[in-house]
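Full structure from sequences and hints, please.
Listed below, chain by chain, are the residues.
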Amino acid sequence: MSQRRVVITGVGWITPLGHDVDSVWARLLAGESGMGPVTRFEAATFKTNFAAEVKGFRFEDHVGADVAKEHASAGLSTRFALAAATQAWRQSGLGEMARDGRLKRRRLGVYLGAGEGSLDFENYGRTNLAGWVGDGTSGRFDARAWAAAAYRYMDPVREVEQEPNMTVSHVAGAFGCRGPSSNCMTACAASTQAVGEATEILRYGDADVMLAGGAHSMIHPLGMTGFIRLTAMSRRCDDPTHASRPFNRTRDGFVMGEGAGMLVLETLEHALSRGATPLCEIAGYGSTADAFRITDIQPDGRGAQGAMSAACRQAGIDPHKAGADGRPPVHYISAHGTGTQENDAIETAAVKGVFGELAPRVPFSSVKSMFGHLIQAAGAVELITCVKAIQTGLVPPTVNLNDPDPECDLDYVPNAARDLRDSGGVHVCLSNSFGFGGQNDTLCVRRFAE
Amino acid sequence: MHDGVVITGIGCVSAVGLGWPALWNGLVEGRAAIGTPTRLDASGFRSKLAGQVPDFKATEYVPKSYRKAVKVMARDTELAVVAARFAVEDAGIATRGTLEGGAEGRQATYASGRMGCHIGAGLIAADSPEMAEAMSTARDEGDGLSLAAWGGGGAGAGTGMEQLTPLWLLKYLPNMLACHVTIIHGCEGPSNTITCAEASGLLCVGESTRVIQRGDADLCFSGGCESKLNPMGMLRLDLAGWTAPTGDESDGSAVIRPYDPASKGALIGEGGAILILESTDSARKRGAKVYASVAGYGGGMSDAFYTRAPDAVEGYESAVRNALDDAKMTPEQIDAIVPMASGIPALDRAEAAALRAVFGERLPTIPLVTLAPNVGLCSAGAAALQVAVAAGCLHQQRLPARLHAGSPEKGLDAGRVSARSANLQSILVCTGSMGGTNAAVVLRRAGA
Numbered sequence: 000m001s002q003r004r005v006v007i008t009g010v011g012w013i014t015p016l017g018h019d020v021d022s023v024w025a026r027l028l029a030g031e032s033g034m035g036p037v038t039r040f041e042a043a044t045f046k047t048n049f050a051a052e053v054k055g056f057r058f059e060d061h062v063g064a065d066v067a068k069e070h071a072s073a074g075l076s077t078r079f080a081l082a083a084a085t086q087a088w089r090q091s092g093l094g095e096m097a098r099d100g101r102l103k104r105r106r107l108g109v110y111l112g113a114g115e116g117s118l119d120f121e122n123y124g125r126t127n128l129a130g131w132v133g134d135g136t137s138g139r140f141d142a143r144a145w146a147a148a149a150y151r152y153m154d155p156v157r158e159v160e161q162e163p164n165m166t167v168s169h170v171a172g173a174f175g176c177r178g179p180s181s182n183c184m185t186a187c188a189a190s191t192q193a194v195g196e197a198t199e200i201l202r203y204g205d206a207d208v209m210l211a212g213g214a215h216s217m218i219h220p221l222g223m224t225g226f227i228r229l230t231a232m233s234r235r236c237d238d239p240t241h242a243s244r245p246f247n248r249t250r251d252g253f254v255m256g257e258g259a260g261m262l263v264l265e266t267l268e269h270a271l272s273r274g275a276t277p278l279c280e281i282a283g284y285g286s287t288a289d290a291f292r293i294t295d296i297q298p299d300g301r302g303a304q305g306a307m308s309a310a311c312r313q314a315g316i317d318p319h320k321a322g323a324d325g326r327p328p329v330h331y332i333s334a335h336g337t338g339t340q341e342n343d344a345i346e347t348a349a350v351k352g353v354f355g356e357l358a359p360r361v362p363f364s365s366v367k368s369m370f371g372h373l374i375q376a377a378g379a380v381e382l383i384t385c386v387k388a389i390q391t392g393l394v395p396p397t398v399n400l401n402d403p404d405p406e407c408d409l410d411y412v413p414n415a416a417r418d419l420r421d422s423g424g425v426h427v428c429l430s431n432s433f434g435f436g437g438q439n440d441t442l443c444v445r446r447f448a449e
Numbered sequence: 000m001h002d003g004v005v006i007t008g009i010g011c012v013s014a015v016g017l018g019w020p021a022l023w024n025g026l027v028e029g030r031a032a033i034g035t036p037t038r039l040d041a042s043g044f045r046s047k048l049a050g051q052v053p054d055f056k057a058t059e060y061v062p063k064s065y066r067k068a069v070k071v072m073a074r075d076t077e078l079a080v081v082a083a084r085f086a087v088e089d090a091g092i093a094t095r096g097t098l099e100g101g102a103e104g105r106q107a108t109y110a111s112g113r114m115g116c117h118i119g120a121g122l123i124a125a126d127s128p129e130m131a132e133a134m135s136t137a138r139d140e141g142d143g144l145s146l147a148a149w150g151g152g153g154a155g156a157g158t159g160m161e162q163l164t165p166l167w168l169l170k171y172l173p174n175m176l177a178c179h180v181t182i183i184h185g186c187e188g189p190s191n192t193i194t195c196a197e198a199s200g201l202l203c204v205g206e207s208t209r210v211i212q213r214g215d216a217d218l219c220f221s222g223g224c225e226s227k228l229n230p231m232g233m234l235r236l237d238l239a240g241w242t243a244p245t246g247d248e249s250d251g252s253a254v255i256r257p258y259d260p261a262s263k264g265a266l267i268g269e270g271g272a273i274l275i276l277e278s279t280d281s282a283r284k285r286g287a288k289v290y291a292s293v294a295g296y297g298g299g300m301s302d303a304f305y306t307r308a309p310d311a312v313e314g315y316e317s318a319v320r321n322a323l324d325d326a327k328m329t330p331e332q333i334d335a336i337v338p339m340a341s342g343i344p345a346l347d348r349a350e351a352a353a354l355r356a357v358f359g360e361r362l363p364t365i366p367l368v369t370l371a372p373n374v375g376l377c378s379a380g381a382a383a384l385q386v387a388v389a390a391g392c393l394h395q396q397r398l399p400a401r402l403h404a405g406s407p408e409k410g411l412d413a414g415r416v417s418a419r420s421a422n423l424q425s426i427l428v429c430t431g432s433m434g435g436t437n438a439a440v441v442l443r444r445a446g447a
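Residue numbers (numbering that gives the first Met the number 0), protein chains in the order written: chain A, 0 to 449; chain Y, 0 to 447.
It should be emphasised that the hints constitute simulated quantities derived from the structure, not laboratory data. Please note: incorrect hints may appear among the correct ones.
Claimed, not checked - List of simulated lysine-lysine pairs, DSS-like, C-alpha gap at most 27 angstroms: (1) K103/A to K56/Y; (2) K56/Y to K67/Y; (3) K46/A to K70/Y; (4) K351/A to K320/A.
What follows is the structure, given as structure tokens:
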């Protein structure tokens, strides 16, 4: 059976470094940082009180007054998603095709790895306190009192908008999608998985066009609380811009980011039939589970290797075999690269396991050193950096990498972007995402050639 | 590439009972189990009745070496782990989870890398008593929470967020259902967690089917589980306008009236199902009992971003037509339908309109199998239960009893009736959801 090919025809993102693809790309190449003190709530006493916030975001500037009004109830991350999708849709040139019937709406779907909406912490706190009768830890929970307070304090629309399928719902509404739609929550791997499964939907023939990606913001008190308790985030409160230091010996965790990344995917046949120019092709997708522990990664990186190997296999790439030009068959890997001790060491081992002797020659950087960790949105945003790398022949750096960990001895493109145009450009990239609980997903994108 | 996908194991948890036989026998007898819950005092909520899963101890359903991990499982995860255990036993397969402490020398039926897992889940609510207690150490001077004290800097060490255990977050991530199941049973293949409310379980069955069809796994754990029987869960469904206000009634099954224009809404159920899906080839090779085959799958989206109720039928109809097309079947070949039938008037209306658009004049003659009056609205677990029951109907050639305390709108075979034998070759399972995602699956009788 001949496999349908799937191409990317539009990309868009809202990130801590800005709100459009090209200016943010330039800032990534320049090694800029999106981190700073948390401004969204009073975080001074939190053990981690900094993050990579999206700054200066005006919803209506991106989606227009009408859409902004129609989607006024949307939560913050859903707004990010709608803005990013608007960019991607514009670039795809699909325009009014879904509205005027040239693209059948039943053949247009959405698959996101969008996170839940931001918790209304103030009223959640009030409600919980009202539900606790008596003093401190000697009190008791009273569900009747809790319910009475909840009905008083909580806003129905704001509560419903936190449900994790609301972003899909808004995006589908805004773009007129009536085809297969879904949302997955596989923690930090979610939007890579969403793009992968959207690709499979197109390959199978269940749709012609899919909007895919992710959006998330956990920069709210309870979101930060969860990761502070896990000690997964950096505590360099005195130096936020140098806090995210993937692969560095002194790394002490990730920095929380937020935002959205959205892509328009199409079957090649559909893209060509309407005269669209593919930005690149999705050549492979691999998904595995560690099935190991909820707190730890397989120490040999077996799950991560499985995801990368499967993505390469689908793309027809033998990772151990150099190309005719003598270069490794993959020209750039966008690392999951969170900056936690465990992830970076095991991801390094996994890349070595997959690429063998070629591993040290594959540029392998973590843009989380600049963006922070966009949690469920991370994979889609990082995939877009791969699309840009293919388009420009330039590879973004891992910043804050001045004291390499001896266990991490690959080419992380330290501190300065790399220009690969003279060495043949960037044709094939992998993008890795690994989630809590052992979810591993890798996408392979390739320069488009008929 | 594999040709076909079959259902070879069913594991269920719901108010009607634990395990597939309990559910099936309960449905045949017309048993309802929706009443006043005991897991929390629901008297302060507008909707006070619910379908609560009978008591169980999750530690009895996990390998001995994994008992400690139950401490970091939320209720939703416990339900999934229990359902998965039932499913594995029903399918007659051995996994590392069932082999521990068992006969020496026995091997797992499938290699780890050939088993996938797709489990639908909801947003798991933090335990309210635990959170309230932690927050009580960080009150401000009024009725609110002091962020400074919550952060740990105000009221001294061990207060505020430090009251929460370090692993607190890992208890509440939606993918923990699938993660614990993959860890217990050793599934290293593709794994996903779909969070599209009531459609989640069907979307998972669809995705598992595609994963097996494309050859990425030979077997998948597939389904969904959820419990909204907690303060945040009850509140959110009420604020969304989905649950029926109740007063002095004690029998919830009389409140939930699918397709009755006078219905006041749904009542919360908890539970769900995990099914074992296998490629037809591998099931045949090991001589597995087959409940039904998955003949087709389809999805579709309604325009419902403002969340209250997807009035639009277009996306629902798309999902059903896509599933029929995928099965290469016509509506005339469908012998019964297991729809969402939630008792929420706007959803029921959209569902009925979509089915009417597809089945036309034949619709009044097609029996609808409704579960909500028995088990309540099980959210992310609901559609997985629908698939389980549809597979059971095909396997038993029988339709369960149907409860209804009112009268469904005209033109639908959805009123009260006893269990009866039926000649069933193909059944459609379909659902809408809060948020507008729709999904449909066509099941065929084994060997048909």
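For each hint, the structure was consulted:
no.	hint	verdict
1	K103/A to K56/Y	50 angstroms, violated
2	K56/Y to K67/Y	13 angstroms, holds
3	K46/A to K70/Y	26 angstroms, holds
4	K351/A to K320/A	13 angstroms, holds
Hint 1 alone, counting from the list given before, is not met by this structure.
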